[in-house]
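**Student:** Chain residues, written in single-letter form:
Protein chains: 2
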Amino acid sequence: MGRLCFGVDLGGTAIKLGLFDSEDGLLESWEIVTRKEEGGSLILDDISVAILKKIEERKISKEEILGVGIGVPGPVTSDGYVNSCVNLGWGRFDVAKELGNKVGMPVKVGNDANVAALGEMWQGGAQGYQHVVMITLGTGVGGGIIINGKIWEGVNGAAGELGHMPVVYEETETCNCGKKGCLEQVASATGIVKVAKRLLNETDKPSSLRRVQYISAKEVFDAAKNGDELANDVLENMGEYMGIALANVASVVDPEIFVIGGGVSKAGKILIDLIQKYYKTKTLFSTKNTKFALARLGNDAGIYGAAKMVLS
Amino acid sequence: MGRLCFGVDLGGTAIKLGLFDSEDGLLESWEIVTRKEEGGSLILDDISVAILKKIEERKISKEEILGVGIGVPGPVTSDGYVNSCVNLGWGRFDVAKELGNKVGMPVKVGNDANVAALGEMWQGGAQGYQHVVMITLGTGVGGGIIINGKIWEGVNGAAGELGHMPVVYEETETCNCGKKGCLEQVASATGIVKVAKRLLNETDKPSSLRRVQYISAKEVFDAAKNGDELANDVLENMGEYMGIALANVASVVDPEIFVIGGGVSKAGKILIDLIQKYYKTKTLFSTKNTKFALARLGNDAGIYGAAKMVLS
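Keeping their order, the protein sequence lines are chains A and B.
The first sequence runs 11 to 322 under this note's numbering.
The second sequence runs 11 to 322 under this note's numbering.
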């Protein structure tokens with residue numbers, strides 16, 4: 011048995027915790043509720059209590075524990091400060107130091123999307139690689155940049171904010187970030203649905219989606235698999251912008267592998283094939299063979315990556 | 011006096027060499043011709059002879075010398091191999107090892123654009139910063155990515171190949187790289203001239219450029235400064251694509267500072283203002299205040315950066 015550590019994934023609804031062994035990996039995972047009341051001031055206490063209870067329950071001696079890693083839903087600047095997690099009510103403060111004082115162990119902190127990328131590098135879709143870009147296609151689009159096996163958070167904590175690459179020049183609607191034409195507006199689950207609805211409204215093309223009451227990204231993928239032309243147009247549009255965005259990423263950091271995660275990635279190989287088709291036409295010849303993989307850890311990527319911050 | 015090292019900038023026409031002191035900086039620089047005959051096989055010998063002669067001439071003892079840094083005009087992969095410098099006739103080989111054997115000292119090698127970025131970080135426009143993106147607007151467009159004070163070359167040596175970001179969707183001509191719509195096609199000196207000629211041919215707009223026999227990027231900037239509307243359109247077009255490209259870069263690596271170099275950067279503050287105007291509208295709010303600076307070392311950036319690889 012190796013040494014132990016805790017990985018914490020702090021979300022807006024639930025806090026996921028994992029106890030990890032440096033050799034055997036995940037030993038146990040559990041969840042507690044995120045109490046957002048009182049400006050989010052109860053959260054670190056709750057995490058601390060959950061960890062200390064687990065230590066007592068398992069009769070672990072403190073010498074066995076390397077520390078705690080935590081992924082938070084907000085930017086972490088290069089000085090280690092967490093810079094306002096709007097969903098939690100948090101402003102700017104040193105989460106690692108405050109949680110460290112409560113648990114009496116070293117704590118490392120990272121942005122949740124970046125931490126998930128590290129998790130996928132350690133035990134997921136990018137296992138065996140050291141230079142990884144993860145892009146997460148969920149309600150929004152996020153990402154994480156791993157260079158030499160380590161998260162690069164960026165000076166303002168904005169490295170890997172791939173959802174806000176300005177790639178859709180003709181976009182007329184405003185993104186949640188306040189800009190127009192972000193990748194997220196066409197490549198997130200929400201964006202896919204929005205583009206589908208737009209095409210359904212603006213064209214007379216027959217489509218099985220016209221009979222669907224609540225259109226989701228999954229419905230669009232399913233329709234495309236069944237040969238629906240309009241659904242296919244929506245996905246080709248998404249694939250082309252993803253190809254452009256990842257070609258841009260390759261020209262900046264030239265990684266070994268792109269890992270595609272988030273709810274949309276449940277579409278599987280069809281999604282990878284779609285993105286890769288456009289990527290290869292958009293990227294410089296020397297980066298055409300960059301690998302693509304699906305994320306494998308799902309919602310556990312956060313606790314794996316958080317633990318890996320402590321172990322590496 | 012500190013310790014000494016050599017910085018070498020290997021170009022297609024000339025090889026620039028510098029002798030540096032870790033405390034006092036550049037002590038002396040000189041040039042030799044690049045002999046490209048015999049498949050480029052004479053080049054490393056010539057560099058070695060130049061360095062050993064200088065050591066003898068200055069009566070330097072080998073113990074005083076930390077090593078040699080060299081920037082080469084081709085990709086350097088993450089394993090340290092130089093991967094075909096087409097201009098020199100070189101294939102793939104371990105330049106650091108071969109030159110090291112000849113001079114009998116440690117050698118570090120980097121791609122010339124990346125090495126120039128490191129030079130600007132050490133003693134140029136990005137002095138005092140650790141996380142730097144340099145973009146060089148010359149005949150082509152190149153770049154370099156510095157994270158934590160070190161060059162990130164990329165897995166295929168393509169990190170910082172910012173000239174080939176696919177940003178110009180309506181471009182119909184083919185770039186030197188074989189793709190269509192690269193940043194280089196609108197933002198290099200060549201690209202600026204090409205867009206100016208296109209506008210002169212395709213519109214009837216009056217312009218002082220219609221009276222110029224040989225249009226250069228400098229003529230376009232000069233005309234714009236004098237209020238020429240067509241020249242101004244060319245530069246606004248360039249500024250918008252540069253703003254988009256650097257916003258993309260910020261969403262990937264989120265640096266402290268962008269340094270703009272190359273011949274086009276001689277236009278000065280007008281260029282920075284132009285790019286920054288568009289950058290601020292395209293980038294995520296948290297990266298709006300990323301600094302911009304002009305490169306300061308000109309053609310010396312290469313030898314400075316090469317020396318810095320050895321010193322850091």
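Mixed in with the good hints, there may be bad ones.
Which copy is meant is left open, so a pair is good if it fits within one copy or across any two.
25 Å max Cα-Cα, derived SDA-like pairs, lysine to any residue [to be verified]: (1) Lys290 with Thr87; (2) Lys190 with Arg208; (3) Lys298 with Phe103; (4) Lys301 with Glu212; (5) Lys26 with Lys69; (6) Lys64 with Arg220; (7) Lys298 with Asp56; (8) Lys301 with Glu74; (9) Lys72 with Arg13.
By construction, these hints were calculated from the structure, which means they are not laboratory data.
**Student:** Which constraints among the numbered hints does this structure fail? Numbers only, ascending.
**Tutor:** 4, 6, 7 and 8
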